[in-house]
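**Student:** Dock chain F against the given chain G, drawing on the hints supplied.
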Amino acid sequence: MNKRERILERAAVLLTLATLIGVPVTVFSYQRHRVAREAAGAQVIELYATGQAGVWTQESLRAWDSFFRHPEKRAIRIKAGVPVLFRLTSVDVHHSFSIPQLRVPPQDVTPGRWTEIRLEPQEPGSYTVLCYTVCGAKHAFMDAELQFF
Amino acid sequence: MNETITKSDFPPTPSVACIPPPATVVKGSRVDLLRLFRPVEWLVRRRWFQFAVVFPNLVLFSLFLMAGVFGTPVGNRNVIIVFVWILWWFLLISLLVPFASRVWCMACPFPFFGEWIQRRALVRARSFDPRAKKDGPGVAIGRNRYFGKNLRWPKSLTNIWIQNIGFLALCTFSALFLTRPIVTVAVLGSLFLIATVLHMIYRQRAFCSYVCPVSGFLSLFSMASTLEVRPRDTGVCATCKEKACLAGSEKGWGCPWLLYPSKLERNNYCGLCMECVKTCTHDNMTVKLRPFCSDTTLKGYDEAWKAFIMLALAGAYSILYQGPWGSFKDWANIAEKGNWPGFLAYAGALWSLSLLLIPGIYALAVQLGRALARHRPAGSDQTPAPAFKEVFLAFVYPLVPLGLLAWVTFSLPLLLVNGSYILMVLSDPFGWGWNLFGTAKIPWTPLVPQWGPYLQVPLLLTGLYYALKTGRAQAQRLFGDRSSALKAFAPVAAVLTSCVVFFLWLYVG
Numbered sequence: 001m002n003k004r005e006r007i008l009e010r011a012a013v014l015l016t017l018a019t020l021i022g023v024p025v026t027v028f029s030y031q032r033h034r035v036a037r038e039a040a041g042a043q044v045i046e047l048y049a050t051g052q053a054g055v056w057t058q059e060s061l062r063a064w065d066s067f068f069r070h071p072e073k074r075a076i077r078i079k080a081g082v083p084v085l086f087r088l089t090s091v092d093v094h095h096s097f098s099i100p101q102l103r104v105p106p107q108d109v110t111p112g113r114w115t116e117i118r119l120e121p122q123e124p125g126s127y128t129v130l131c132y133t134v135c136g137a138k139h140a141f142m143d144a145e146l147q148f149f
Numbered sequence: 001m002n003e004t005i006t007k008s009d010f011p012p013t014p015s016v017a018c019i020p021p022p023a024t025v026v027k028g029s030r031v032d033l034l035r036l037f038r039p040v041e042w043l044v045r046r047r048w049f050q051f052a053v054v055f056p057n058l059v060l061f062s063l064f065l066m067a068g069v070f071g072t073p074v075g076n077r078n079v080i081i082v083f084v085w086i087l088w089w090f091l092l093i094s095l096l097v098p099f100a101s102r103v104w105c106m107a108c109p110f111p112f113f114g115e116w117i118q119r120r121a122l123v124r125a126r127s128f129d130p131r132a133k134k135d136g137p138g139v140a141i142g143r144n145r146y147f148g149k150n151l152r153w154p155k156s157l158t159n160i161w162i163q164n165i166g167f168l169a170l171c172t173f174s175a176l177f178l179t180r181p182i183v184t185v186a187v188l189g190s191l192f193l194i195a196t197v198l199h200m201i202y203r204q205r206a207f208c209s210y211v212c213p214v215s216g217f218l219s220l221f222s223m224a225s226t227l228e229v230r231p232r233d234t235g236v237c238a239t240c241k242e243k244a245c246l247a248g249s250e251k252g253w254g255c256p257w258l259l260y261p262s263k264l265e266r267n268n269y270c271g272l273c274m275e276c277v278k279t280c281t282h283d284n285m286t287v288k289l290r291p292f293c294s295d296t297t298l299k300g301y302d303e304a305w306k307a308f309i310m311l312a313l314a315g316a317y318s319i320l321y322q323g324p325w326g327s328f329k330d331w332a333n334i335a336e337k338g339n340w341p342g343f344l345a346y347a348g349a350l351w352s353l354s355l356l357l358i359p360g361i362y363a364l365a366v367q368l369g370r371a372l373a374r375h376r377p378a379g380s381d382q383t384p385a386p387a388f389k390e391v392f393l394a395f396v397y398p399l400v401p402l403g404l405l406a407w408v409t410f411s412l413p414l415l416l417v418n419g420s421y422i423l424m425v426l427s428d429p430f431g432w433g434w435n436l437f438g439t440a441k442i443p444w445t446p447l448v449p450q451w452g453p454y455l456q457v458p459l460l461l462t463g464l465y466y467a468l469k470t471g472r473a474q475a476q477r478l479f480g481d482r483s484s485a486l487k488a489f490a491p492v493a494a495v496l497t498s499c500v501v502f503f504l505w506l507y508v509g
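Protein chains in written order, with our numbering: chain G, 1 to 149; chain F, 1 to 509.
In isolation and in its complexed conformation, chain G is listed as follows (with noise of 0.2 Å):
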C-alpha cells in the first residue's frame, strides 16, 4: 500500500466514523438550537395529542415509542409570568387547541406538524385546555389543566 492509498483508506476510515458520530450530534443539536431560537426566552411547553388516547401530553411521543406508549392525563404545569411558547403536534389525528378562559381560539394540530402559539405572562391559575375538532371516541375528554405557578 503506498502513502497516497493509505491516505485515502484513512480519509475514508475518518469520513465514515465521522458520519456515524456527526449525524446525530448534527441533527439533535440544530433542534436545540432552533426550538431555543423559536423560543426567544419563553419557556417551551410541547404538547402532544392523541386522539387515541384522548391527552394533551407532555411525553415526547416518537416514531419509535407512540404505538406502545399510553400516556395518561396530566396537569400541565407552567411557571407563572414568564412568556410561554406552545408547541403542539399530533400523533394520529387532526385535533384543535384552544383555552377559553384565556380567550386563546382554536386552532388547527395537525398530525405530523407543528403548530406554535405564544402566550403572554399569566398570573397564577388553573385553566382548561380543550379540543375543538371531533378526534374519536375519546374527543368527549380531550382535556387538559393548565396550572400556572
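If you're looking for bench data, these hints aren't it; they were derived computationally from the structure.
It cannot be assumed that every hint is accurate.
Unchecked claim - Calculated lysine to any residue pairs in the SDA-like style (CA-CA distance at most 25 Å, straight line):
1. G:Lys3 to F:Phe55
2. F:Lys251 to G:Ala40
3. G:Lys138 to F:Gly348
4. G:Lys3 to F:Trp48
5. F:Lys441 to G:Ala40
6. F:Lys441 to G:Val93
7. G:Lys138 to F:Glu336
8. G:Lys3 to F:Glu250
9. F:Lys337 to G:Gln52
10. F:Lys441 to G:Lys138
**Tutor:** Same frame as chain G, now just chain F:
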C-alpha cells in the same frame, strides 16, 4: 489460513446449476459507454469510486434511520417513509432498473459494514502474489485476502428462493411498513444487520446474491435493462491467463458477486460494482448500452417464481392501494384494524396467488401450448416437442418486461399523488417543525392525477408488446417452425393479454 484459487472456490450463482444455459447469442447492437465517455471510465477505475457512491447513501440512510426512530410517527411527514417508499421505490423500479440495471447495488449501503469487516478496507484492495508470498493475515482467496470465516455458501441454497420468500413475507406486511416509520427502521436495520453478519461468516456478497429481498427482483428485472457489464472481446478473455476479474489483483477485488465476469451472459447477478473493470489486465471489461430485454434466459424455477410473485404483487397492490375497495385495505392494515381473520384471508390469498394460482394457470397454458404444437400435419417434421421445463422457463420470461412495466404503472400514480410530501419532508425530514428550504408548509398537492390513466395505458401496452414479442421469439427458438411456435405460444399469450386486460380494467375500466 491460505488457499489457492480453484474453480470450486466460486459457487454457482443462483439457478446456474439447474439447467444448462442455451448457447449465448448476443442480439442487437451494443454501445461501449466507457469508450464513449472517457471521464466515466476514469472515474469507475478509481479505487475510491465505490466508496464515493456508497458514502452519500450511508449518510442519507443514517438520517433516515434516525428519523424513523426519533422523528414523528406520522408516516407522510417522516422522511424514511416518504423517501424510501415513495421516491426511492419509484426511481428504482421506473428508472434505475429499466435503464441502469442493478446500479442500485453499486450504491447500496446495506453491505457496507459487512464488506468493511470482510476486507478490512474501504478503498484499497488487499492482494498478494500467490507464488511469492502465501503467509499473511486473513484468508487468501484468489489473489485477494479476506477476513472473517469466509465459508462457502451452502450449495442447496444457491438459488433465490430465500429472496422470493423473504420478499413475499415483507410485502405481506406492506401496509405496516408503508405507514409506520419504526417498522421501516426494523426492516432496513435488519437488512444492515443480516448483511453484516453474513459477510462475517460467508464469502463475499453471499447476502446480496442469495438473501437480500431487494436483490431478488432487481436480479429478475435487470434482465430487461438497457445496461450491461460485459467483456469487450470474449476472445481476449479466452486467452487471458490471469483471470484477474475472478481472482482479483493489486488493482481490485475478485468479483464480489462470485461471478466469472468474462463469461457474463446475463445481468441477473452482476451488481455493477466495477471491480472487474478495475482489475482486468487487458482493459477488456466495460459497461455497454443495449436494447431493452436483451437477456432472455431464465435458468431455474426460483427465477420463474420470482416473476410470478412480482406479477401477483403488482396486481394485489394495485387493488389494495389504488382500488376503491376499502375493506381490502382494512384487511391488510393489521396494525390499525387488528382484524386477524381478514388479514389471514388477505395473506393467504396473496401467497396462494403468487405461489400456486398464477404459476398453475401458467403451467396449464404452457402444457396446452405444447400439446397444440405437437399436432402437426402428417408428413411434416415430427421431432419431439421440447421438455416442459425448458418451455415453461422460456415462456415465463415474457413476465419480466410485463411485470416490470406493471410495477412502473402501479408506482407512477403513487408518485404523482404523494409527490408533494417529498418537498415537505425535504424541509422537515423528522417532522420536528423544521423548514430548511421553505417547503415544509406547502399543502398536499396531487400532481396531475388526471394524467394517470393516459400514462398507465401506454405503459401497460408497452409491457404487453415486449411480453408478446419476447415470448414469440422464445417459441420460435424452441419449436423451430412458425406454425408450431405460434400454436405453442398462443395459450400463454392469452394469459399475458388477460393480465394486461385485468390491469387496464383496474386502472381505467
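**Student:** So, for every hint listed, does it hold in this structure?
**Tutor:** Hints, verified against the model:
At roughly 22 Å between alpha-carbon atoms, G:Lys3 and F:Phe55 fall within 25 Å of each other, so this suggested pair holds. Simply put, F:Lys251 and G:Ala40 have alpha-carbon atoms about 57 Å apart, too far for the 25 Å limit, and the pair is violated. Annotation: proposed proximity of G:Lys138 to F:Gly348 is violated, straight-line Cα distance about 35 Å (limit 25 Å). A distance of roughly 15 Å separates the Cα atoms of G:Lys3 and F:Trp48; the hinted pair therefore holds under the 25 Å criterion.
Between the alpha carbons of F:Lys441 and G:Ala40 the distance comes to roughly 22 Å, so the proposed pair stays at or under 25 Å and holds. For the hint linking F:Lys441 to G:Val93, the alpha-carbon distance of about 17 Å falls within 25 Å, and the restraint holds. Only pairs whose Cα atoms come within 25 Å are accepted, and G:Lys138 paired with F:Glu336 is accepted, the gap being roughly 17 Å. This hinted pair checks out: G:Lys3 and F:Glu250 have alpha carbons roughly 15 Å apart, not beyond 25 Å.
Annotation: proposed proximity of F:Lys337 to G:Gln52 holds, straight-line Cα distance about 13 Å (limit 25 Å). Taking the CA atoms of F:Lys441 and G:Lys138, the gap is near 29 Å; set against the 25 Å cutoff, the hint is violated.
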